[in-house]
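Student: So you can see what is in the structure, the chains are spelled out below.
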Amino acid sequence: MESIKTYRNNKKLFVIFLFVIFFLFWFSSGVSGELKRVVVIVTMPVATCEAHLKWFVTQLNDLGYKNGSNMDLTIIRANGNRKYAEDELKKYLKDGKPDVVATIATLASQAALKVLKGSDVPIFFFQVSDPVGASLIEKIGVPTGTNVTGRVFNVPGEIRLNLASRLIGQTTSKRPIRFGYIHSTYPSAMGDIKELKEIVKKRTDFIFESYQVMYEKVPDGVPQMLANVKKGIQAISGKVDFWWQPQGPLGEINDYTQLLLKYSKIQVAIGNNQACVKKGALLHITPDLEASGREAAIFVDAILKGADPGEIRVTPPGKFQIGINLTTALKLNIVVPPDMLDLAGDHVYR
Amino acid sequence: MKLQTKIALSIIPLVLSGIFMLGIWSIEKARENIHKANFLYMNTIIDSYLIDINKINNLLVKNGLDKVDSFVSEYKQKVLNEGASIQIADTSRILIINKSGELIFCSRKHNKNEIESVWGPLAQKIVTSSEFESESHAKEGDAKYVYVARHFKPWDWVVFFSMSDQDVHHAEKQIRNATIGIASFCSLLSILLIMIVFKKFIVGPIRIIAKAASAITDGQDIKKIAIMSKDELGGLARDMEFMSNAIQENQAEIKKSNINLENRIEKATLKLKKTNKELNQEIEERKQAETKLMDSEKKSLAWLESSPVCTKMLDLDFNLQYMSAAGIKGLNIDDITQFYGKPYPFDFYPEQYKNLMNKNLKKIKETGEIIEQEGSVVDINGNELWFHSTLVPVNDDKDQIDYIIVVSNDITGRKQAEVALKQSESKYRRLSENSPAVVYQFRMASDGAFSFPYINAAVNSIMGLAAEDILQDFSKFLGMVHPEEQEMFLEDILKSAKSLEPYHEIIRYLRNGEERWIEAQSTPEKMEDGSILWDGFLVDITEKKSTEKALLKSEEQFRTMFEQAPLGIALIDSLTGHILKANPMYAKIAGRTREEMAAIDWMKITHPDDVQADLDNMALLNAGEIKGFTINKRYIHPDGSHVWITMTIAPLEVEDKAYPHHLCMVKDITSIMKAEKDRTLLEKQLQQSQKMESIGTLAGGIAHDFNNIMAIILGNTELALDDVPKWNSAYSSLEEIKTASFRAKNIVKQLLSFSRKTDQEMQPIQIALVIKDALKFLRSTIPTTINIHRDIPAFDETILADPTQINQIIMNLCINASQAMDQTGGDLTIAMEKLSLDNNYARDYSGLKSGDHVKIMISDTGPGIDPEIIDQIFDPYFTTKEVGKGSGMGLAVVQGIVKSHGGAIAVDSKKGKGTKFSILFPLITKKPMVEAQTNKDIPRGNETILFVDDEISITKMVKRMFERLGYKVETSTTPQDALERFSLNPDHFDLVITDMTMPQMTGVKLSEKLMDIREDIPIIICTGYSNLVDEKKAKELGLAAYIMKPINMLETSQAIRKILDKN
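Going down the list, the sequences are from chains C and P. Note that numbering that gives the first Met the number 0 numbers the first sequence so that position 76 is 75, with each residue one more than the last. Note that numbering that gives the first Met the number 0 numbers the second sequence so that position 451 is 450, with each residue one more than the last.
A portion of the hints provided could be inaccurate.
DSS-like, lysine-lysine: derived pairs with alpha carbons at most 27 Å apart [stated by the list, open to error]:
no.	chain 1	residue 1	chain 2	residue 2
1	P	K912	P	K854
2	P	K925	P	K909
3	P	K35	C	K277
4	C	K277	P	K912
5	C	K35	C	K96
6	C	K318	P	K912
7	P	K725	C	K173
8	C	K330	C	K304
9	P	K725	P	K958
10	C	K330	P	K66
11	C	K330	P	K61
12	P	K66	C	K278
13	P	K725	P	K587
14	P	K912	C	K278
Here are the in silico distance ranges between beta carbons for each label pair [claimed, not checked]:
no.	chain 1	residue 1	chain 2	residue 2	range
15	P	L21	C	P336	50 to 58 Å
16	P	T696	C	G95	38 to 46 Å
17	C	R165	P	E979	31 to 39 Å
Residues of chain P clear of chain C, computed beta-carbon distances all greater than 10 Å [said to hold, decoys possible]:
no.	residue
18	S69
19	H387
20	Q440
21	Q471
22	S573
23	K1057
FYI, nobody ran anything at the bench for these hints, they're computed from the structure. Yeah, the Cβ is synthetic: ideal placement off N, Cα and C, and Gly gets one too.
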């Protein structure tokens, strides 16, 4: 009798074991056959947004989502026009609710939030430097408790200033060193300069001289903004030692760095991305685009599988990218410390 | 010598030698491992450091900084700092020496010279030697060192990691002493322990056991042996205790068993003697009784054996004691004795009989009653036999049942007859009862009364009447018959009764108010008592009747659908394709009557071009390769017109495969086809208008630049003409350039005109003169292999036209004609005549009204136009010329111009016989307003003119041009400059001439600003082309004049003079 009982118990355990294995297999197989409706809103056609979009979609594919098969992927390109993004999203909603809306950069995120606020449609934003300032969330680092979550696209100002200090600090013994910051009224740029100014208040080595230009829609408004930047260069170039490129779409514009170098004799200390460094900016440190694009897709996958966006903490990205222009460094007699050169890896330009 | 002493003495040397060997081995191993560990430690530290150095160097090399001194020195310093921060033992140190033997770095306080003298040569040797000892010893003063070294080639650094040799040996010595001490102590301790253990735990217990064994052998009862340990010796002591106890118990048991055995044998012997005596007495009594009984049995047996009745005798346990011969024979038993003494009834009897018999036997035994029973049994061979049996109890002297007699008569024959009868009855009853039809016997008595002697239960399910009710009362059946048919029903019965013919009628009856039908069939037979008896049946045919009714209705519906369908439907013979039956709509679509349709061959009403497609599809359909087809085709009506139809043919699935038909459906789609044609035409027109739009956009785009260029050419040509004397051959060349420039100007104007970018300048012109002018240029553009014939009468008829466009028509048609003949040569004829059109003739030309017209004819002797494309020659972009030779716009332009002049164009061409274009324009009575302006003097002046144009060449040219005419000319190439000049001194200028299209500010905008400064300043605006301004708009804006580029000296100077004189 005892052996029969044991056999039965073993049989039960074996069935449970098989069930668990099957469940794990099913779960690990990734994506079910159900069609998922995913909307991506891209703020504007700038390199960073496009790179984020590319890696986001690539990661979704790697996770087993295939557009037209188990995923209906709709990409709304706002082209810098928030109203347009809102209208397009509203049009999309007429055909049914999406399973998740991913937004790239601030303007697209604000548009999605305006349309979907209070609904049960999850919004995942990324490439947003100042989500609190943009009124997307209330606080960074804690679960939002709403249908909105995402990743902050920003390297903390303290880190950027320390890196700048190690390099720019070599060029002169004069303190404070003055950085010129010509920025648009775009939310992320406004948030960035605010943060930097707050930090330098507690330090003696740097100060920021800022100049504000009105944000114009990208790409149509780019010439106008650059014309205003030119005025800014003329206005403050006599008061600064180095340029510090702003965050947001203005800093993303390809001609911005060139404009600073062309209309002034002042070097650009901190660029906004690799392209800026290639064009002559000494240094850039930004979140790693591939990593943050892929990370966004992983979170979206989790949301599609049932994760509550309100329980996902909004945190800064985990991987950064440093770029250094050695020509500029040599020109300024800066010896780039080995650890920074090592961190830059392949992103060292001459 | 005691045992423990012997054992201890034999083990102790082994233990001692083992510990000694272990100690020696340990010391050796420890020394070796200390050495290895030291070197391993040094190698690890130095390799780790080398990795860091290499990484730093790689960074420099990878980024091309290995030649940048600031980076190299900074990075090397970084490396040295890292070396200083490495945590190593106090007696160890890291040295870095370059290839010159100079000390670069030492991680400890040091004497540089002393180090360089020892380690410098070593480093140089390592640098120069490809193979060197990376692990070795060195002596620095009195101190000895072990070291490891690495050569870092990129920087030619030798990195040493050294450790004091004394430290290494000190560690070895410590281990050796410790090992010897521990080994000696362990040896002594183990000897002592061995002795104690042997004495206490082995030798002592063995002595006690030996003593106990001796006592057991002596027969003593040993209860306890004083060894309490749980080891083998303790176990041996317990076994010996148990053994002693068991020996004592066995001896006592054997004694007790012997006494008991003797007592039992004595008692058994007395009992056997008594029993033997009683048995002998009983045997004697039984022998006497048996003798008496045998006599009686012999008598009875003779009687029973001769009886035909089977008699059986059973004891009270129902075992068979006897069976008479009749039974044995009846059951075909060969040897009855085998059944005697065995239970009755026999096993081979059926269970049912056995149960009955057993039940009755038990009952007899309990009640003593005589019981009769009937039942079937089987004989020994399995044949069924029926018996009637009487079971009789036979009592003994004490009136108790002694045994049972069973007397059985064979009633098999009777029973078989009864069964056959029952089966027969049952069969017919079932047949009748289960029949779905009503089976009945109907009787008409000799007095005429009707009744049903028999009717089965089916009458209830069919008519809802209980059979019992009908059997008792015929009127209930009659009451069910439909009131309208009751009389006829009775008449039919009487008729059958009279004729004795079978009765076969359908009876309508009412059940719960619902009308139903039964079919009755029966055969009458006259009985002996004069009555008539019908045997027959009734079948419910209500459903059949309903189906028939529904079928009729359905047929009616389908017929109506067929007859009234808005589609043409026909049944056609699949083999011949002939229409077998067509509905009215089909006939209507085909334009014939239905009778005509049935008689006509389908091919005769089908358009000849559509017959083959029909045949092909029918062939595929009949071959089973398609299951039907739909085509659009044409039916020809008797009056010769045709209608477009869409026809669908599909085979009809009918059971009679030998007679296959196809179903054909047709729909009149003539209006749809027409609408489609109209739509195609509209699309074509839309495309054409889009093409026109694109030409217009293109023309507008190039006109401005082209006219600017032409302005420079024309202006400079005119200036050159002034400079060059007429006798100079260059003068005529310049004249040609000027003429060609005017033509170019006109072409641009035409292009804009054609694409509606500019208004036509319609004016009364003498058509003959204009044509003659056009033909002047023709000769120079047409090859000499082509003869040009002119037949232009000298009349002064006038038409309302734009002379430039008329010129364009002539040029386009003549050039087309010449291109048609450029390979072969031929004749080109341009003729003109006046004619008057009446209404009938005018109808031949689309858009033309009756009245006087001029007809221009241009004909060639070329290959003619292919009839297949003649309808398309006026389509824009249609061309038969090679790519690059023609735009396909020439004839489209011609047609457009002719139509815009209220005229008409026709073409007549025969293959191989040339082409003739005829153009008709309505004549007007109004005379020409303008005539060709030739040889007019160029007006001159001395006023100040501000000329504004962003093309510097034009400003230069215009300045020269007007200065020659006496004017003072100031020029500006930007509107801002002009504005500034004008603002400084507005009254300085008498006239402003400005270009329209300029960067930053248009001419109109500039004019507005100038007029804001000085309201009365006359301004001429000139443009190559602009969609922002035209002559009308210029006037609205208050501008003095509007001039199209290129600027012509004569026209412009006239305009200037006119304006200045006016002011």
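Student: Each of the hints needs a verdict: does it hold here or not?
Tutor: Verification of the hints:
1. P:K912 <-> P:K854: The given pair, whose Cα atoms are some 21 Å apart, holds under the 27 Å limit.
2. P:K925 <-> P:K909: violated, 39 Å
3. P:K35 <-> C:K277: violated, 52 Å
4. C:K277 <-> P:K912: violated, 74 Å
5. C:K35 <-> C:K96: Satisfied, since the Cα-Cα distance of roughly 10 Å is no more than 27 Å.
6. C:K318 <-> P:K912: Violated, at about 85 Å.
7. P:K725 <-> C:K173: violated, 82 Å
8. C:K330 <-> C:K304: Roughly 53 Å separates the two Cα atoms, so the pair is violated.
9. P:K725 <-> P:K958: holds, 23 Å
10. C:K330 <-> P:K66: Since the Cα atoms of K330 of chain C and K66 of chain P sit roughly 15 Å apart, the hinted pair holds (cutoff 27 Å).
11. C:K330 <-> P:K61: At roughly 19 Å apart (the allowed maximum being 27 Å), K61 of chain P and K330 of chain C satisfy the hint.
12. P:K66 <-> C:K278: holds, 24 Å
13. P:K725 <-> P:K587: violated, 86 Å
14. P:K912 <-> C:K278: violated, 74 Å
15. P:L21 <-> C:P336: 50 to 58 Å: Since L21 of chain P and P336 of chain C have Cβ atoms about 57 Å apart, the given range 50 to 58 Å holds.
16. P:T696 <-> C:G95: 38 to 46 Å: For G95 of chain C against T696 of chain P, whose Cβ atoms are near 43 Å apart, the range 38 to 46 Å holds.
17. C:R165 <-> P:E979: 31 to 39 Å: violated, 55 Å
18. S69: Nearest chain C Cβ is 5 Å from S69 of chain P, so the label is violated.
19. H387: The claim stands: H387 of chain P keeps its Cβ more than 10 Å from every Cβ of chain C (closest is about 62 Å).
20. Q440: At about 73 Å from chain C, Q440 of chain P clears the 10 Å cut-off, so the statement holds.
21. Q471: holds, 73 Å
22. S573: Correct as stated: the minimum Cβ-Cβ distance to chain C is 47 Å, above 10 Å.
23. K1057: Label holds. Min Cβ-Cβ 45 Å, cutoff 10 Å.
Checked against the numbered hints listed earlier, the structure breaks hints 2, 3, 4, 6, 7, 8, 13, 14, 17, 18; every other hint is satisfied.
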